[in-house]
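The lines below spell out each chain.
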Amino acid sequence: MSQKNSLKNINSIVDIVVDKFNIYSDKVAIRHHDIDYTYSDLHKAANCVATYLVSNGLKVNDRVSLIMANSFEYISIYYGILLSGGVVVPLNTAAKYNDLLSWIKHSDSKWVFSDAKNKEVNHLIPKLYKEVEFIILGDFNRISHDEKNIINYKNIQKDDYTKIKISGNDLASIIYTSGTTGQPKGVTITHINLLTNMLSILECLPIEDTDCCLNVLPFYYSYGNSILHTHMMSGATILLENSLLYPHTILKKIEDEKISSFSGVPSTFALLLNRTTFADYNLSSLRYITQAGGAMLPKHINELKECLPHVELIIMYGQTEATARLAYLPYSKLGVKISSAGKAISGVVLEIRDNLGNKLGSGEIGEIYAYGTNIMKGYWKDEILTSSTIIDDWLKTGDLATMDEEGYIYIVGRKTEMIKSGAHRISPLDIEESILHCEGVAEVAIIGLDDEILGQIIKAFIVQKPGSNIGIRDVQRHCKEHLAIYKIPKIIEFIDKLPTTASGKLKRFELRDIH
Amino acid sequence: MEFQNKIRKFILENYLFSEDESLLKNNDSFLETGLIDSTGILEVITFIQDELSITVEDDEMIPENLDSVDNVVSYVSKKLA
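So the sequences go chain by chain: A and B. The letter at position 336 of the first sequence is residue 336 when you use our numbering, and the numbering goes up by one with no holes. The letter at position 15 of the second sequence is residue 1015 when you use our numbering, and the numbering goes up by one with no holes.
Okay, chain A solo, but in the shape it has when bound (with noise of 0.2 Å):
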């Protein structure tokens, strides 16, 4: 009997995740910063959450953001939000206020669980305490907290749940990702999309109760979220490691704690292929790598089968907006379906199409299509851009790709102009709204440029106001101010002009020649 039908009666991902908490009680579920933390631990955490939120109000599908970098708490917090019948909102930690402020206010979210150390919070505070309570992890006095709706996490200690009934068809969460029309754009993901989605990912990995994961990944985007549930509903241990910057420590870790899996971006491989030696270090106990969030590149595809030749290296291709993934590659076809996405993962078809909606044959360049339970709800609050988007229940990827006889995909680029920077999707608009307000600055287009390591780096090119004398610095300092780090433009170049159509578009093709 496969698991599905063993699962009729699930509803949601939670129900198989306290399953674990049960059975796996003492075993380590995750640990950080050297402490174990067992899945008993999780369990309760999470349901003192669920006993806050539901005590303080919390009805099912009201919304709870989190500001939050990974961390035990980060789950148990999510988990006791799901448990509560809340809807989970997981904000880009790097994010400035301006973003937080419009993702939070758009979601209508009653709750917000922040680290005390994000120094956006106490931005955000005085704007919205009134209507919303902040909940603060970690070091409390560095929030100024004389309004009543500013809570310590600590004192949540009381465990009084009862469980909350919910619907496959109820919210689990709205991850807000990168739009090209600069206002918010939220996925809503069900808890039938994130239960069924779940379900597909654990028939194509070999993830096992006694696996020990390491986890770079952020959880509030769509594959570090699929990570820790596939491995909460697998019974594993996942280990937290939050930055990539000193790659070295990634595989003394690997080696130290003896992991068994990890799972990267292409710019996690090319930094760790690129600034470390693998021979250096005891890497038996890796049994398989995924690799998603873009194409990587075939010299590092051979690379990683050369240094880790015991280790199966598992592609794997998605969206938000489709939960988390859409299709695999098994590792026995990586040497012969060479630079494949892979194809569709169990409860998804993949379609290529045409402009006008037809179906394509094989070797065909079109559109990729995508059918499924793990399709999301829709964009939340805005209809018009869900119905272009979900057509018939069919979701347009806007990736552009070919298939083979097989149904394995070949992605050969994408319809928007989207810049993918490391692990981050990037619209080329928010970074031009917020350098148009940078003073002195008449116009500004960006673009992305090819990097060997982050896949595309940013690049700025600006028309100065007449009489105006800025510099690249200042340029740099209003970036710093108003954007994510990942979003700051590596390379500034003033121009006279931007190159435009007749009709006054910007022709940015023209800025990539002109670089």
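Some clues are possibly wrong.
[Claimed, not checked] Mimicking DMTMM-like on lysine to aspartate or glutamate, the simulated pairs with C-alpha atoms at most 20 Å apart in a straight line are:
hint : chain 1 : residue 1 : chain 2 : residue 2
1    : A       : K480      : A       : D496
2    : A       : K252      : B       : D1028
3    : A       : K359      : A       : D393
4    : A       : K96       : B       : E1057
5    : B       : K1025     : A       : E481
6    : A       : K252      : B       : E1013
7    : A       : K497      : B       : E1013
8    : A       : K27       : A       : D280
9    : A       : K480      : B       : E1013
10   : A       : K253      : B       : E1013
11   : A       : K253      : B       : E1060
12   : A       : K253      : B       : D1059
Hints listed in this document are in silico derivations from the structure and should not be mistaken for laboratory results.
Following the hints, complete the assembly by docking chain B onto the known chain A.
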């Protein structure tokens, strides 16, 4: 002390885009403050190597040696001793 001032100036200019000395404490963790990203740390290493004509070995690229002004200064002092 001279190198400490140079590395402070480098970090202030390139990652804080400022000359305001009060923005950078010598024990601020680059990792915890999010001041420097993964490509930035390579630039810091290049700066150290160019300034002092030393080589930062692969296995020396660890937080204990590089994660704050204090750590960098202590690391290069040992290296030059």
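Outcome of the hint check:
For the proposed pair K480 (chain A) and D496 (chain A), the alpha carbon gap of about 25 Å is over 20 Å, so the pair is violated. Taking the CA atoms of K252 (chain A) and D1028 (chain B), the gap is near 24 Å; set against the 20 Å cutoff, the hint is violated. As the CA atoms of K359 (chain A) and D393 (chain A) are separated by approximately 15 Å, the hinted pair is consistent with the 20 Å bound. Simply put, K96 (chain A) and E1057 (chain B) have alpha-carbon atoms about 35 Å apart, too far for the 20 Å limit, and the pair is violated.
Taking the CA atoms of K1025 (chain B) and E481 (chain A), the gap is about 18 Å. The hint holds against a cut of 20 Å. Under the criterion of a C-alpha separation no larger than 20 Å, the hint pairing K252 (chain A) with E1013 (chain B) is inconsistent with the structure, at around 32 Å. With a C-alpha separation of about 28 Å, the suggested pair K497 (chain A) and E1013 (chain B) falls outside the 20 Å cut-off, and the hint is violated. A distance of roughly 31 Å separates the Cα atoms of K27 (chain A) and D280 (chain A); the hinted pair therefore is violated under the 20 Å criterion.
Pair hint K480 (chain A) plus E1013 (chain B) holds up; C-alpha atoms about 12 Å apart against a cutoff of 20 Å. Distance restraint check for K253 (chain A) and E1013 (chain B): the Cα-Cα separation of roughly 33 Å exceeds the 20 Å cut-off, and the hinted pair is therefore not satisfied. Restraint check for K253 (chain A) and E1060 (chain B): the C-alpha separation of about 15 Å stays at or below 20 Å, so the hint holds. Proposed proximity of K253 (chain A) and D1059 (chain B) is supported: the alpha carbons are some 14 Å apart, at most 20 Å.
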